[in-house]
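Engineer: Turn these sequences into a full structure, and let the hints guide you.
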Amino acid sequence: MVTYAAPLDDIRFVLNEVFDYQNTVASLPGYEEATPELIEAVLEEGAKFCENELLPLNQPGDEEGCLFENGVVRTPKGFKEAYKAFAEGGWTGLACDPAYGGQGLPKTLQFIFEELICSTNLSFGMYPGLSHGAYNALAFHGSDEQKATFLPKLTDGTWSGTMCLTEPHCGTDLGLIRTKAEPNGNGSYKITGTKIFISAGEHDLTENIIHLVLAKLPDAPPGIRGISLFIVPKFLVKGDGTLGPRNGVACGSIEHKMGIKASSTCVMNFDEAEGTLVGEPHKGMRYMFTMMNVARLAVGIQGLGLAETAYQSAAAYAKDRLQGRSLAGAKHPDKAADPIIVHPDVRKNLLTMRAYNEGARALALWCGFAVDVAEKHPDADKRQEADDLVALLTPIIKSFFTDYGFEATNLGVQVLGGHGYIREWGMEQLVRDARIAQIYEGTNGIQALDLVGRKLGQNMGRPLRRFFHPVQAFIEEQQEDPRMAEFVLPLAKVLGRLQQATLHVAQQGLKDPEEAGAAASDYLRLFALTALAFMWARMARVGLDKLEGDQGAFYRSKLATARFYMTRLLPQSSGLFAALMAGKASIMELEEAAF
Amino acid sequence: MKIESAAVIGAGVMGAGIAAHLANAGVPVVLLDIVPEGADERSALAEGAVEKMLKADPAPFMSKRAAKLITTGNLEDDLDKLAAVDWIVEVVLEDPKIKQALYKKLETVRKDGSVVSSNTSTLPLAKLVKGMGARFARDFLITHFFNPPRYMRLLELVAGDKTRPEALEALRDFADRRLGKGVVVCHDKPGFVANRIGTFWLQSAVSQARELGLSIEEADAVMGRPVGIPKTGVFALLDLVGLDLMPKVDGSLAATLPKDDAYQAIRRDWPLLKKMIGEGYTGRKGKGGFYRLNTSGGQRVKEAIDLETGEYAPAGKARLDSLNAAKAAKGAGLKALVSHDDRGGRYAWSVLSQTLAYAASLVPEIAERTTDVDRAMRLGYNWKYGPFELIDRLGAKDFAERLKAEKRPVPALLQKAVEVGGFYRVHEGRLQYLGTDGAYADVPREDGVLLLSDIKLAGEPIARNGSASLWDIGDGVVCFEIHTKLNTIDPDVITMLGKAVRTVQGGNYKALVLYNEGSHFSAGANLGLALYAANVGMWPMIEEMVEGGQKALRALKYAPFPVVAAPSGLALGGGCEQLLNSDAVQAHAESYIGLVEAGVGLIPGWGGCTELLARLAADPRRPKGPMPPVATAFETIGMAKVAKSAFEAKEMGFLRQEDGVTFNRERLLADAKAKALELAEGYQPPEPVELILPGPSGKTALTFALRDLRAKGVATAHDAVVGDALADVLSGGPGADLTEPLGEAEVLKLERSHFMRLVKTDPTLARMEHTIETGKPLRN
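From first to last, the protein sequence lines stand for chains A and B. Be aware that the first sequence starts at 1, since it is given in my numbering, and climbs by one per residue. Be aware that the second sequence starts at 1, since it is given in my numbering, and climbs by one per residue.
Please keep in mind that the hints were generated in silico from the structure rather than gathered at the bench. Relax, there's no trap hidden among the hints.
Covered stretches of chain B, going by a simulated chain A footprint (3 or more residues, C-beta under 8 Å): (1) 524-532; (2) 763-776.
If you only want the chain B side, here are some residues facing chain A, beta carbon under 10 Å, derived: (3) R319; (4) N535; (5) V536; (6) G537; (7) M538; (8) W539; (9) M541; (10) K760.
Even for Gly, the Cβ is constructed at its ideal location relative to N, Cα and C.
Structural biologist: Structure follows, in structure tokens:
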């Protein structure tokens, strides 16, 4: 089994030392009570739950998978009990509105907690994760009646939710959907059609499942502007809130897939199922995006969560596994062999995972803070600024975190060698589980297009300001300090490249969208590496002043990892820069028939 | 004969507007109207008209001073004032009896050899001279101005068979040179040229929209930009000119055109129009028109009428596949539009095929040459292409074949064009049109007209990059042309400016002219590029743009040859700074000049502050002492004032008194070139300027005024920040002092550093973003 302990020290460090949780989030109206101490206490409880309840179910859940029989899905052994405990512990309503029974805690906390869940049992996390997405969509766009009916139950976890978008013939291009919604004349609609790849579409964890379904009304304009959003519960809800008869929605089958096997991925058949419209007709895509943006960040966190477990397991193994001797001569002459951690290449693998994880965690929390500020800050300008940053970082976090998540879990397998490849150690499951995160919620290719096609051009580049200006200001502030030079110089260099690439991609993209498309994924990764360099430089800044204290070892590790990042990972940016500046020519040259 | 003075009879909107424009041109003008019944002030109509015009926007006067050239009076007491004038324009009611009664009065007072013209748009000349006597008929013409007379460039001239050729020539020359009009000589046919075709087009466009079921937003979107017609299209244009004009023009054409004229077949009675006019929906001047602004819900909602029901609903954006196809096809957009089979494409084809075929059937009936008709539609209706140019864009052959396929007649002239390959061609570097005789001839250019577009046909530029070019315009003069969107200035423009200086210096050239034939000389620096660079924090790039611009303009100023700038339209920000750094300016009268950087939270950074200060200080007609120029510049730049004409630009100090003004857009380049050659004789570059600036005490005085404005709520928080930076620059910075003159390099350095400071602030970036996205300033 994998080795995992929630990285609470690192989280505390980022929250309070790198960023200022107290004055950024806890000072927002409504979060006065969410003090750093409270957050810490909640996290400790959450960590216990994840380590003790979820982690033990992860490997057996993968072995057993979900079972589909007579239209019913059975989750693996122990999931039902764990879910019950999860809901009773209040974890389903952690960041939900107290008006609906939620705990009203910051989104930042939700972010952190999701990392812990993903580290310990991604499949399990899918069920409450989807509910949370449905909660958000309804909280923003539902009518008062819809909110009163559904939000309390989604908050306390007695009901769960889904997002029903994809159909057999369309996923990325939702303008093509065929699911129909016909008015019944009494304010409700008959929904008919088939949806596929519906996570948590059917299961035995909750008494009801609330499907949010995209469908077209009879008078819908063609394409993406003609899609409406409907609520279709598995069991109809009566006026008094109790469950009525079964609705015309049923699971047709579940998918057999590479990873997250304990998460049920369903074909859902809607046969004149009764539904109610959310918001206005034809605005469903916009509403869905509310939920998708949050969901995209959450998927990014999945990459981080899995990579963290891979790192911890691989590090433990490398310190324990005795094979051969150090190239510099025996380090442990008393033992039969040195542990493999003495080898540069093994160390490089471990440090790669670690440097990405810690950098990504910092970036996730920077973004998490911005999510909270965007929602709660009393000053509209500040809200807008934060919202711009979130919009900019969302495709980067989703895409880069899940890409490196897959790379890192693979490195984890590599460190364990043959033991990584067999099931027993749990390392290969991490790779399989990580793979889907690069695909769902908008493939990583789509994320890159979102970045270059929408975010770069938005408001003449205004969202970019929220990233570039703080980085620039940090460099200017720190460039006088010689101790910071080894972090600030590479940061300044990569920032210059990113600036140049940004202007290039934006200008080329205006003339020829294919140029932007050809640059997109390399550009996104260049951006991500720059963002992580910024995070590492900031972490190094904090560490430099605390090397001598009683926590000195922690900060020395930070600085060492920061150096590794700057010297061994950041240089990828040169290759990416050269590649993306080369333009589309060599990508578009080969004729279609020649493929 | 020469026209040096004029009179206008009839002080309505058109008459008064014509009088104002004569005054703009420096011509003394008498404006008379009738004595209103029972009036104490017997000249109240003319006087009232002048007063009203002084407040009107857009202004009929180019400078308030011009109003002094108008002598007002009435037709009973002041007829004797007409005795001395060279030209009398009649602009009274469209009633032949009233007009002839007036003409008889005029005949008793006007001097021999003077010219009389009518501004009629509906009455034939033959009818007006009938029974008026030989003297009158010899001196009489029709001069048909378009509304508003200052701004619309078309003047249609109609001469009768008895009209003296010198009278026609004198008026043509006067209207061309002095009034700046594009003169088109028309035949004496109903509606003359522009309204004959324009009314046909409008009628066709309205009835086809109804027939094919287009919303007015769709009709305007199709029959606008993609066709090269102003974005007002059809219905918004009717709102602009007034819905009540339509039945009048239509009635007159229907009554005077022969029964078999194609116009009779396409015109329709339209009850909705009558109903709207009856209810006061006469367009922008009334309660609204096809579009209206509904403010009832506390918000301003633009609404559009439904042509079927007559009900208003919130206006939407037209979404048609044909529009997308036209956009995607770029240069071939018009073809893509008319060949698309959605209702937008069918509409475009239906209206254009009717209108263009009609135009092709009217030459030489209404005018001698096709090219005259094209010119009339370009200048009178602001079309980008006239009907024959549009046919060429569609392909004369394709156009005729489709007409044939639809079993519609192909006009003989069009058939000729099909045979030889189009209505226009470029032959040996010259633009030629197809004559009615089937032969091509050069498109005529008046003496003293020099067009860059003609030069381009004849050869290659000396140098060119994506944003600017250099052209040899003959006699040793080089023309620097910007060709970006709105002719904004980007790094490539700056590079080419540097190249211009080296080219003139190194080659066999004597002078440089800054000129282009876009609608606007230059709207200033490319704000989008600057904002983007600022958003990604590329400060060195922005700093380089500022410094590079300063250097390039400095190089212009101190070049060993003369530089003449010839603006027309907007010359804002960096565009204005080009003028300020030139040796002389030959400005089109319709030049709109200003340093508007403060509007986007910046200050002029390419020498605008420095040069405006220097000009104000050097002007002997302004108050002496160090403070007045500083205070004036502070107000002018701080409030982002824009001169609304070349004359206002002189009053504000952007132009020197000795700078030239050209009324006719087509003569601007030739005038600028002449000026440049004149300066080239024994040219000496200017001495570097030293400025006596007040320093901190002066700044205190400026910021004191600013604080006052801030306290009153007139200036916003960021206005105060920008104003403070500007005050610092204009007062010479903390080190300046009255006893020690400051070199211009010092002031330029201040410009740079304050520009960079401002461009790094969020409120400035918010202003830039807002202005780029909405075209309006943000008051933050």
